[in-house]
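Asker: Keeping their order, the protein sequence lines are chains A and B.
For the first sequence, position 200 matches number 200 in the numbering used here, and the numbering has no gaps at all.
For the second sequence, position 176 matches number 176 in the numbering used here, and the numbering has no gaps at all.
FYI, nobody ran anything at the bench for these hints, they're computed from the structure.
One thing to keep in mind: the hints can contain errors.
[To be verified] Residues from chain A that face chain B, not an exhaustive set, calculated with beta carbons under 7 angstroms: (1) T258; (2) L506; (3) T537; (4) L613; (5) L619; (6) M632.
[Stated by the list, open to error] Pulled from the structure, derived: some chain B residues nowhere near chain A, Cβ distances all over 10 angstroms: (7) G43; (8) Y162; (9) A180; (10) H199; (11) N202; (12) W284; (13) G302; (14) L324; (15) A391; (16) E495; (17) M524.
For glycine and all other residues, C-beta sits at the position ideal for the given N, C-alpha and C.
Number of protein chains: 2
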Amino acid sequence: MRSDRLEETLLPKRVALPVFASDALSSVAYAPDEIFLTLGTAGLAAYTYSWRVGIAVGLVMLVVVASYRQNVHAYPSGGGDYEVATVNLGRTPGLTVASALLVDYVLTVAVSISSAAQYAASTVHQLRGHEAQIAIAAVIILMSLNLRGVRESGTFFAIPTYAFMVAVLGMALWGFSRLAFGHLPDAASAPFELDPESHYVNGVTGLAGGFLILRAFSSGCAALTGVEAISNGVPAFKKPKSKNAATTLLLLGTISVTMLLSIITLGKVTNIHFAENVAQQLRWHGQQGRALDPSTVRFPDGRTFTQDPVIGQLAKAIFSNLPLLATVVTTVTGLILVLAANTAFNGFPVLGSILAQDRYLPRQLHTRGDRLAYSNGIIILASFAIVLIFAFDAQVTRLIQLYIVGVFVSFTTSQTGMVRHWTRLLRTETDPAVRRRMQRSRIINAVGLSVTGLVLVVVLITKFLLGAWIAIAAMVVLFFLMKGIRRHYEGVSEELVVDDDEDTTLPSRTHAIVLVSKIHKPTMRAVNYARAMRPTTLEAVTVNVDTKETQALQAEWDRRGIPVPLKVLDSPFREVTDPVIEYVRSLRRGSPRDLVTVLIPEYVVGHWWEHLLHNQSALRLKGRLLFTPGVMVTSVPWQLKSSVGIEDRREAEVPSAIRRGPGKP
Amino acid sequence: MRSDRLEETLLPKRVALPVFASDALSSVAYAPDEIFLTLGTAGLAAYTYSWRVGIAVGLVMLVVVASYRQNVHAYPSGGGDYEVATVNLGRTPGLTVASALLVDYVLTVAVSISSAAQYAASTVHQLRGHEAQIAIAAVIILMSLNLRGVRESGTFFAIPTYAFMVAVLGMALWGFSRLAFGHLPDAASAPFELDPESHYVNGVTGLAGGFLILRAFSSGCAALTGVEAISNGVPAFKKPKSKNAATTLLLLGTISVTMLLSIITLGKVTNIHFAENVAQQLRWHGQQGRALDPSTVRFPDGRTFTQDPVIGQLAKAIFSNLPLLATVVTTVTGLILVLAANTAFNGFPVLGSILAQDRYLPRQLHTRGDRLAYSNGIIILASFAIVLIFAFDAQVTRLIQLYIVGVFVSFTTSQTGMVRHWTRLLRTETDPAVRRRMQRSRIINAVGLSVTGLVLVVVLITKFLLGAWIAIAAMVVLFFLMKGIRRHYEGVSEELVVDDDEDTTLPSRTHAIVLVSKIHKPTMRAVNYARAMRPTTLEAVTVNVDTKETQALQAEWDRRGIPVPLKVLDSPFREVTDPVIEYVRSLRRGSPRDLVTVLIPEYVVGHWWEHLLHNQSALRLKGRLLFTPGVMVTSVPWQLKSSVGIEDRREAEVPSAIRRGPGKP
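Chain A extracted, bound-state conformation:
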């Protein structure tokens, strides 16, 4: 997109909501499952806590939304968590947030796509047992689409997101009305007994019970991921940007909490029994079954049961007389999960670019609008997500243990930054009305800080050993890697500062050397170009590897009357590079204030494999010459026929490929 056309693409609220909401809303597809499943390890009795856990998650969600509304007002330019933390707290907290966000983008892809694969398998039964392969294939497809630079329009997001909202809220409404009329059937899993796992045979009691409830709450907090997306995207809103963004955020929070609580309540009233280990926990008439795959169990009497995700089970129960609608619900849910993963493909390279600009990542990730810069980020993201999916066999429950830590590290740090932000402004602000508003904001952010901080502690305690340590280890590694990169760049920068009293005397003379191996067009062009440069001295240089060939070359050189002397370097080891380097060094030793230019004729080829056949010794020589001070290395290209047109084709490709993600973190 051209910079001067960015203005035209600002989003009204009705489009902004779906663009930024898919990540946050999609977590409804797995968060209730995790709450039921975690509580279920203590047996059915623990389900009495499910709606309390749901309400707790909902409350946290509302606090977070209220807090981020303050961010949106304070940073209308789109202060992502990284920026808020860096500006208000300094580089180390900023880098901490950045590490957490990078890890979380990878987990967003892994979790969303794994969950989508589950929905796919629950819709098309033939896919069952192949979830990991499906998920990996999906990541590769997403990566390819993003590499090709498919531009998502607002509509592209709007249709499936609104479809998802309509589907889930419609289903809830239908379910509640059937409940009111007493016609709501039980879920498919209701008739099965749910055994507690061995640690929890006594149900939810004592310290272990409390710990379990906290763990269910932590998993439920997965519903909060993606809420921060809007605060990154304020500049993409129509004016008044901040107000519109804040309204959208509130809307998003409300919809999200409504969905979450509806699903939990409906799950409770349809008697869903949701097991972590299907084969061990579920019984049928007192009998245990045998696992056919992780979610399917066959009982001794031949009955087979497949545990669908909660939304899937609800849809089948609620639309028991409209099976097509049930399929629509699961399909749309799968779709929004893919869309959620796709937002990470937009966010990750943008964050990478910002970090590169701050010199925490290699500079080539920065160049904005450059397709290649984004490509690297897209490939890195996809690769790590695939590794995770493969390592955890696309099991959402196991992946989710790694998730959330990062989000809450980022929430907490960002809220700390906001509190500091208001305190700083209050120090100078005198207008009492403004001061009141700021104090109110500070209180909201302080509450946000306390709540998210508390949740972070809970998440750390309940999830660390279950997998959060992996995410934390990854963050620590990233943190030090990025710090190291910045230190390196700073060191180089210092090394390169130009002193004001820098010696600016020019080299007194220039010596040009044309490297010659045989007489052909590239050589002649190099000689002509070198002559056109009018250096103080000019000579052609060849290395004598084969005496006969060298004599022939010398003879042809003379015959053609090329007006440049040809110098022959001896090569005792029949090697090309060393004699040239040695000769150039000897020139430099003779007159260290002079400048030596080495001209190397080079073939330009059109196919990658042609590189294997050409220029290899030129490349090596060039690499070595660069280490020699006071030497310039000039490539004189000769375009082989196979290369013609390549540049034009490339040029035609570029503009369409340049695009920008919807938000910047």
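Position chain B against the provided structure of chain A, taking the given hints into account.
Answerer: Leaving out everything else, chain B in the frame of chain A:
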């Protein structure tokens, strides 16, 4: 080795023999095994043919030796089979030989090292069952030694080769004298019954029987591999080169045949029973056993038998009262097999270099004496050998089915070439004495041609389906690959021929452009160098990606009073490469007869990972600029501190590393 010191290293016969003999002699370690094993598939009765097969192989060996003595006289400069075929028969036969030889080098390594691993396992029992791992490790060690450029002196070859000759011939002598005195014990495998395999329950009868004998003969012909090495190495001999080489060749043939026949005879008299499938074919008191590993079988009564290679069984029987000597024999045999593999590590890169010189392989394999050129060859050879060892689980019997085809393709073609050679010479030769000698040589080569051609047909018929087709397919692929490479080089050559009426008018003006991203030492150096070149016009160019940064740059540029105008290019897509390319093109369009030089400041770094952090956009820009006609791209290097010393260190490494193999094929 310096070219001018090659003279000092010429070899006397007593050193030349071991240098060139290891490959040919080492095949005695597996050829007899293959004869016994192949015949054994038809049961014990077939062993009556073993010495006849041995004699047939011996006769072929003598014919081949006699033929190659003619090659040695005709090509004192060391005409390898490739050269003989190319000179006398043309390019296609030459390339056929080359493909065959390349494939055979790989097989030499795979077969020799796999056999060595068998000997190692028969000496150190703990290694049993891990032959493939041992073999792969050995190839990697050999590769590393060769990459480091360990120079084998004559002595390095002489000691183990002479030790092997002494060991095997001594063992034979001792065995025959014990036989004469009636004290020779049976081999360890003698008491077992040897069942024929199901196809051969009737023994060696009819067509199938004849086929089996031919197959045993084909496998036995493995003894001939490596005989041609001397003909490649004539220039390495002391004067009179040809005569000394011919004598050494005769000596080698005699020793080889003696060893082969001795071992077969001793195997027969010690009643060796050698099975292809130990567990299926061997019986103990009529009972079949169970395989513990491919060469070990346990019988129902608890007796365990491990089938050692023939030389190993003979050594144990003959030195039944001197077990230490038996161990010496197997150890020395293992050693010479490794040495044989090592000759391929010398021969393969040399042949690669010759083929590269003839433009059948990428040019960078050519540069003689250059360590890197050889390194590529060494790595390619080792990789393919490892793939083969892995694929065939280091089983010599399976690998040997791929071997030999290549050798006999090369023998046959080369002998055809020699017949043609003498016929051509006879056309002009008038001296009757010389003519007689030539006619005699022609007859010998014609006999060689007939015999090796016949053997080739036998080998093809008996081995094609057993694995030779793999070797042949590889040769065909190599053949067309090399032909394609040559065609490519020829096309390029033609494209680059300088016409005599070539336009040699120089570019009328030179424009220099210095690319600037910020003001630091590399930029200032590039500006100073550009000024020193005194181009017609000189300007600094920067791309406006971030307006604020660009303004700051412009301000500092003015403040410092840099005497070069700074041009700012707009970048609608915030991208760096395209605007520069477009600007350069516009300059060229404005005055197509002028020359444009683009100077790019570049960091020179010392660590590989620093490349990831620097120069990436410079590299990309350079790559793109080369496609633009009429442009020279100049790198102005700035050596970062981390790079200092790298070049000196590299220089110190090089000379010691340069070495040359003993022969050229």
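Asker: Work down the list of hints and note, for each, if the structure agrees.
Answerer: Going through the hints against the structure:
no. : hint : result
1   : T258 : 41 angstroms, violated
2   : L506 : 5 angstroms, holds
3   : T537 : 13 angstroms, violated
4   : L613 : 5 angstroms, holds
5   : L619 : 9 angstroms, violated
6   : M632 : 5 angstroms, holds
7   : G43  : 51 angstroms, holds
8   : Y162 : 32 angstroms, holds
9   : A180 : 57 angstroms, holds
10  : H199 : 44 angstroms, holds
11  : N202 : 53 angstroms, holds
12  : W284 : 46 angstroms, holds
13  : G302 : 42 angstroms, holds
14  : L324 : 46 angstroms, holds
15  : A391 : 26 angstroms, holds
16  : E495 : 6 angstroms, violated
17  : M524 : 5 angstroms, violated
In summary, the numbered hints that this structure violates are 1, 3, 5, 16 and 17.
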